[in-house]
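K.L.:
Each position in the first sequence, counted from 1, maps to that position plus 120 in the numbering used here.
A few of these clues could be false.
When the alpha-carbon atoms are kept at most 20 Å apart in a straight line, the in silico EDC-like pairs for lysine to aspartate or glutamate are as follows [claimed, not checked]:
| # | residue 1 | residue 2 |
| --- | --- | --- |
| 1 | K558 | D547 |
| 2 | K518 | D537 |
| 3 | K370 | D428 |
| 4 | K195 | E167 |
| 5 | K495 | D537 |
| 6 | K556 | E487 |
| 7 | K327 | E357 |
| 8 | K314 | E331 |
| 9 | K334 | E201 |
| 10 | K314 | D332 |
| 11 | K479 | E503 |
| 12 | K195 | D398 |
Using C-beta positions, here's what the derived DEER-type ranges look like [as the list claims (entries may be wrong)]:
| # | residue 1 | residue 2 | range |
| --- | --- | --- | --- |
| 13 | S168 | P141 | 37 to 43 Å |
| 14 | E185 | P307 | 21 to 27 Å |
| 15 | A383 | A143 | 43 to 49 Å |
| 16 | L389 | V318 | 22 to 28 Å |
It should be emphasised that the hints constitute simulated quantities derived from the structure, not laboratory data.
Cβ coordinates follow ideal geometry from the N, Cα and C atoms, glycine included.
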Amino acid sequence: MTPKKPAPKKDDAPAKKAPSPIAPPRGMRDLLPADQPYWKHVRSTCESVASAYGFDRIETPIVEETNLFVRGVGKATDIVEKEMYAFETTGGEKLCLRPEGTASIMRAYIHNGMLNLPQPVKMWYEGPMFRHDRPQHGRYRQFSQFGCEVIGEDDAIVDAQLALMCHIILKELGVDSVIRINSIGTPESRVNYKNALVSYFRTKRAKFSDEDKKRLLKNPLRILDSKDPAIAELKAEAPQIVDWLDEESKTHFMRVLEFLDEASVPYQLDPYLVRGLDYYSKTVFEVYAQSDDQELAQAALGGGGRYDGLSEVLGGRPTPAAGFALGLDRIVSRMRELNVAVPSQSIDVFVAQLGEQGKKRALAMFEELRKSGIKAGEAFAKEAIKAQMEIANRRNAKWAIIVGQKEVLDGTAIIRDMDAGTQEIVDARKIVHEMKKKLGLNGTVQA
RNA sequence: GUGGCUAUGGUGUAAUGGUAACACAGCAGGUUGUGGUCCUGUUGUCGUGGGUUCAAUUCCCACUAGCCACCCCA
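Take the sequences, apply the hints, and build the full model.
P.N.:
Written out as structure tokens, the structure reads:
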């Protein structure tokens with residue numbers, strides 16, 4: 121490119137290169153004020169359901185010792201092997217951004233001696249998780265999860281209730297869902313099954329893609345999930361995990377299903393469902409959005425299951441436990457697709473002013489309204505009343521109070537009904553009283 | 001992490017080898033007293049860097065980002 125002609129500048133300051141704007145890191149995004157009504161609604165729904173089911177909140181650090189996940193989630197899992205935001209501090213600590221919640225909750229349970237609390241301990245959490253995966257719609261490197269954990273109880277009804285909660289939360293958010301469920305038994309029965317599976321598939325290795333050959337070695341259970349049509353044929357003949365379950369797991373699973381039937385939770389048995397985290401045992405499930413159109417990309421809205429072995433792996437006593445996590449980003453996105461209405465934050469009254477004196481009076485009036493619990497809005501920096509009324513309208517104010525020069529002199533204010541377009545003049549000192557009356561906040565009960 | 005597609009104002013789109021059109025939103029006005037209609041004005045170094053060319057937003061390459069599939073999962 122030829123150098124630009126020495127375009128003479130008006131001022132003789134050296135032409136600085138304008139700093140380029142900075143985007144958020146890959147796979148991370150801003151949740152803007154416009155997004156918040158959705159998030160607020162989703163979070164509060166999750167919380168109130170969890171609370172109704174007897175769960176209390178727990179907050180754990182976003183940064184944890186890397187080892188927690190290496191031991192808890194499993195060294196060979198994708199999450200630990202290639203998706204962790206791991207780093208070393210100047211002090212030499214090996215830390216990472218948490219990729220999931222369960223391991224932290226179990227760590228906290230052990231560390232804080234919660235085994236001395238009445239069992240089971242039921243806790244919920246919500247917050248950002250981090251996985252260095254390749255971003256896609258509904259898959260972010262920072263995403264939010266809401267999760268519930270029941271620690272210290274092995275009864276099958278807990279597993280069923282957790283799945284039920286997933287379904288209920290989504291239902292309250294206007295999202296239809298189905299549970300896909302399976303049992304992967306105890307670690308011992310799983311090893312036996314894995315061996316049977318490998319020896320079955322090894323004879324057919326010739327038909328495998330490179331990808332599936334790799335899986336045969338690394339994670340044979342996953343082969344059952346393969347999209348390769350050649351595998352689909354072989355699958356029918358392959359050993360089924362149910363046939364390899366130990367008696368206890370089998371009965372446990374049967375009871376889980378019975379409870380689900382009892383609670384009328386829609387579910388599908390999925391003998392090929394395995395989960396990517398090592399800590400699972402017995403029950404595993406995933407929650408999917410139900411839709412008419414084909415397969416939705418990234419349709420898994422949540423997942424969970426039983427993890428009876430996790431406590432021991434993390435140095436605690438043998439403690440049965442189960443839980444689930446929901447992906448909030450995906451739920452919000454699904455709600456948007458479905459045009460689910462969420463409560464909007466509208467104001468009760470908008471305070472409009474005119475002139476310097478009006479501004480001063482309005483400032484005080486706004487504060488009075490606020491203190492008495494009325495949701496008031498304002499745009500005091502604006503001069504034109506027209507612009508202020510536009511804002512009042514945009515914010516869905518039911519009422520507007522107008523304080524201009526004249527009103528200041530008279531000691532009055534105008535109350536305008538924004539729907540009817542009618543207005544009345546009231547004593548400025550009685551404005552709070554008037555508004556409370558109009559909004560029905562007076563506490564005067566009508567018979 | 002692998003493969004593919006895409007990249008134009010705040011948003012959604014258009015056109016073009018000779019520096020950009022439209023809609024919506026935003027802001028400011030239509031003689032500082034009133035909104036949900038109307039009119040006017042205004043908002044862009046055409047993702048970043050390089051190359052080809054007299055000339056590039058338009059062609060080529062790289063990078064970056066987004067999206068899609070895989071992988072995996074929330």
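K.L.:
Does each hint fit the structure? Answer for all of them.
P.N.:
A quick look at each hint next to the structure:
Annotation: proposed proximity of K558 to D547 holds, straight-line Cα distance about 15 Å (limit 20 Å). Restraint check for K518 and D537: the C-alpha separation of about 6 Å stays at or below 20 Å, so the hint holds. A threshold of 20 Å between alpha carbons decides the hint, and for K370 with D428 the separation of about 15 Å falls inside it, so the pair holds. Between K195 and E167, the direct Cα distance comes to roughly 32 Å. Violation of the 20 Å bound is thereby established for this hinted pair.
Straight-line distance between C-alpha atoms of K495 and D537 comes to about 16 Å, which keeps the hinted pair within the 20 Å bound. Of the supplied pair hints, the one linking K556 and E487 holds, its CA atoms being roughly 14 Å apart against a limit of 20 Å. In summary, the hint linking K327 to E357 is supported, as the alpha carbons are separated by about 15 Å, within the 20 Å threshold. With a C-alpha separation of about 18 Å, the suggested pairing of K314 with E331 holds against the 20 Å cut-off.
Between K334 and E201, the direct Cα distance comes to roughly 15 Å. Compliance with the 20 Å bound is thereby established for this hinted pair. In summary, the hint linking K314 to D332 is supported, as the alpha carbons are separated by about 15 Å, within the 20 Å threshold. For the hint linking K479 to E503, the alpha-carbon distance of about 9 Å falls within 20 Å, and the restraint holds. With a CA separation close to 9 Å, the supplied pair K195 and D398 stays within the 20 Å bound.
The beta-carbon spacing between S168 and P141, approximately 40 Å, falls within the hinted interval of 37 to 43 Å. Evaluation of the 21 to 27 Å hint for E185 and P307 yields a pass: the beta carbon distance comes to about 24 Å. For the hinted restraint 43 to 49 Å between A383 and A143, the CB-CB distance of approximately 45 Å keeps it satisfied. Roughly 23 Å separates the CB atoms of L389 and V318, a value that falls within the hinted 22 to 28 Å.
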